[in-house]
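Undergrad: For reference, the chains in residue letters:
Protein chains: 2
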Amino acid sequence: MQKVAILGIGQTSISEHWDESLREIAGDAALAALHDAGLESVDALYVGNMLSPLISGQNQLGTFISDWVGLWHREAVKVEAACGSGAAAFRAALMAVAAGDIESALVVGIEKMSDKTSHEVTASLATAADADYEVEQGVSFVGLNALVMQRYMHEFGWKHADFAPFSINAHANAMHNPFARLHQRITSDKFEKSAMVATPINLLDASPTGDGAAAAVIVPAHKVALRQNRPRIEVAASASNTDTIAVHSRKDPLFLRAAYESARRCYEMAGIEPKDLDLFEVHDAFTIMTALSLEACGFAERGRGVQLGLNNEITPQGRIPICTRGGLKARGHPVGATGMYQIVEVAQQLRGECGETQVDGARLGMAQNIGGSGATIITHILKAD
Amino acid sequence: MQKVAILGIGQTSISEHWDESLREIAGDAALAALHDAGLESVDALYVGNMLSPLISGQNQLGTFISDWVGLWHREAVKVEAACGSGAAAFRAALMAVAAGDIESALVVGIEKMSDKTSHEVTASLATAADADYEVEQGVSFVGLNALVMQRYMHEFGWKHADFAPFSINAHANAMHNPFARLHQRITSDKFEKSAMVATPINLLDASPTGDGAAAAVIVPAHKVALRQNRPRIEVAASASNTDTIAVHSRKDPLFLRAAYESARRCYEMAGIEPKDLDLFEVHDAFTIMTALSLEACGFAERGRGVQLGLNNEITPQGRIPICTRGGLKARGHPVGATGMYQIVEVAQQLRGECGETQVDGARLGMAQNIGGSGATIITHILKAD
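Residue numbers (this note's numbering), protein chains in the order written: chain V, 1 to 385; chain F, 386 to 770.
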């Protein structure tokens, strides 16, 4: 298994792109990544997407996008793992390059969500849960997360306000990210007073959806040193793990076992411990997920993840910076694209391109992308050489 | 890139499985393949599926199925390339095993189509075409293929009746396949008189959809010889290639360039020529696709594919046996599962388990799975050691 490196990255802003179609948004990110890599072409295109069949009536998104960007007569394919689709596509491309079957791949995470009403989008997002045993009972995706958060607060004695630092940090960091969906600082007071969505999750616990695409070009690592004068970004580790699809099937719904397993495998592969990481792009779809992820990945004891926020340890200057570009909460969560935004953002940090939210001397960064309520979790560690 | 072998196979019958859900059908094939492999578990599950978001309201099918069959706390993911999803999932799993990242994988192709009306299924299948520039004009998937067939007949001077041998062979072979959707012999006369679907494609040019799943377990080849006393089935070659998504964008819509490119790459990898193949499981969604595939893969000159049927060269005793278990035409076409049925059937031939339609001394077989109207084409060559 040969080492693989990221040669180029690209992304679009996350917004309601009413004037751009699915293929145009994906194309913008794809061409930006190719340009950044200094390549005109690659051997294969891997696309991560969740909702295009439901929202755009379009399947076969790999070939749909390869055709649009002029990458004809080569491999193209789509990978789907609900909101974990972006990182799942990255991992599939990684395997093909690592195996030596292809010499280069472009990975694009793309979601176009604003073409349907929010009612339709809510129903589409529920396809990440178990259609027979969860959705059939009328539960929405935010509803499932609300049940988990309620239980967590009850079990470990936290108040809703204790989750505020996660969202405050994300919004503060997004102020400096031109691609972010939201550019507005928030306070604890505003956090507590925002509209309830599904008790105890309110609007400022939840990440906004949107249209957007992020992309990266990967090649065998030995091909990079010769071509670029910026740090070489190696993929030091990749792992994917799963839990039951339905939350109610888990013995302990407050333990993200798939996060634990995939992170542990990544630490082993990279030969590091959690404390060695300079930053962690966490899947903060809801504040409760941030707490659970920090715990499962070894940054806090069970039930103590919230404390990291309260202790100010998650800011770019903290012990374990998270959501350094705004996270899902403020950069935005175009579901099937999110995993690629995370990987692109870690790469930006390792290149030292993050300005006001740059983590000093960042050399090792982790990105973790989640499909469903902890059902599919894909973790990557990137390393600057 | 280490060599990979197929250790076990499984499949369900293709039918309208009203009494079984999506997860149950997939589970049946998955557990059959594990049982056949003599394994209780594998490192990862790869699922090929096209329509579950649209027909069953279910995304994240990898984890959905891994949960159902008890493969908890390991990797699971779905791969989609329209009707090419089955082989695309197989190829993604192959890359991960070939890279050495995982030691074993279970690949399941699954489609559950009978839960919606045929009108809804027709609309769902159209998501394989270009939503903006084909479907928006009102063209259906069979309509696109009809345009291609009309042009072929005009260009090369064939009559509709000349395509009959493809369907007659498929139906004859399916008589001996207990998993096949259709068990009825047809004649030239019946072929010519069957109901028109989209001129010139009639009912007996077209493959029937259905519910079904097929699965295979793959492992590094060096692990197989020690475990089994049947022939070792190696994956000798794998390649995926694409064309424009819309048929009208192609300079020559009668040349399946992605079939040509992926087959050529496979011949190179396996170190063989077309004439060395003992059988070819072709993607005969419509008779016209059979003719075009045979030509693109090197078995006939341009415009002469139909002649192979007329010359009786495609039967199990012929020069290049195709559809030996009934093909899409008579075994059935549960779209996202079809690619895995083809791979399972080639493996059955190489094991010598095909009874009345066994190809004598079969050692090398090719399976070719197509997404869209020639847009994504994935080719595999299997070899018995």
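For the record, the hints were derived by calculation from the structure and aren't laboratory data.
Errors might be hidden in some of the hints.
SDA-like, lysine to any residue: derived pairs with alpha carbons at most 25 Å apart [claimed, not checked]:
no., chain 1, residue 1, chain 2, residue 2
1, V, Lys3, V, Met269
2, V, Lys193, V, Ser118
3, F, Lys636, V, Ser41
4, V, Lys251, F, Glu425
Undergrad: Taking only the CA atoms, is the gap from V:Lys3 to V:Met269 under or equal to 25 Å?
TA: Distance ~12 Å between V:Lys3 and V:Met269 Cα, so the pair holds.
Undergrad: Straight-line Cα separation of V:Lys251 and F:Glu425 no greater than 25 Å?
TA: Satisfied, since the Cα-Cα distance of roughly 22 Å is no more than 25 Å.
Undergrad: Against the 25 Å threshold, does the CA-CA distance of V:Lys193 and V:Ser118 hold or violate the hint?
TA: holds (23 Å)
Undergrad: Take a quick look at whether F:Lys636 and V:Ser41 sit within 25 Å of each other, Cα to Cα.
TA: Since the Cα atoms of F:Lys636 and V:Ser41 sit roughly 21 Å apart, the hinted pair holds (cutoff 25 Å).
Violated hints are absent here; each numbered hint is respected by the structure.
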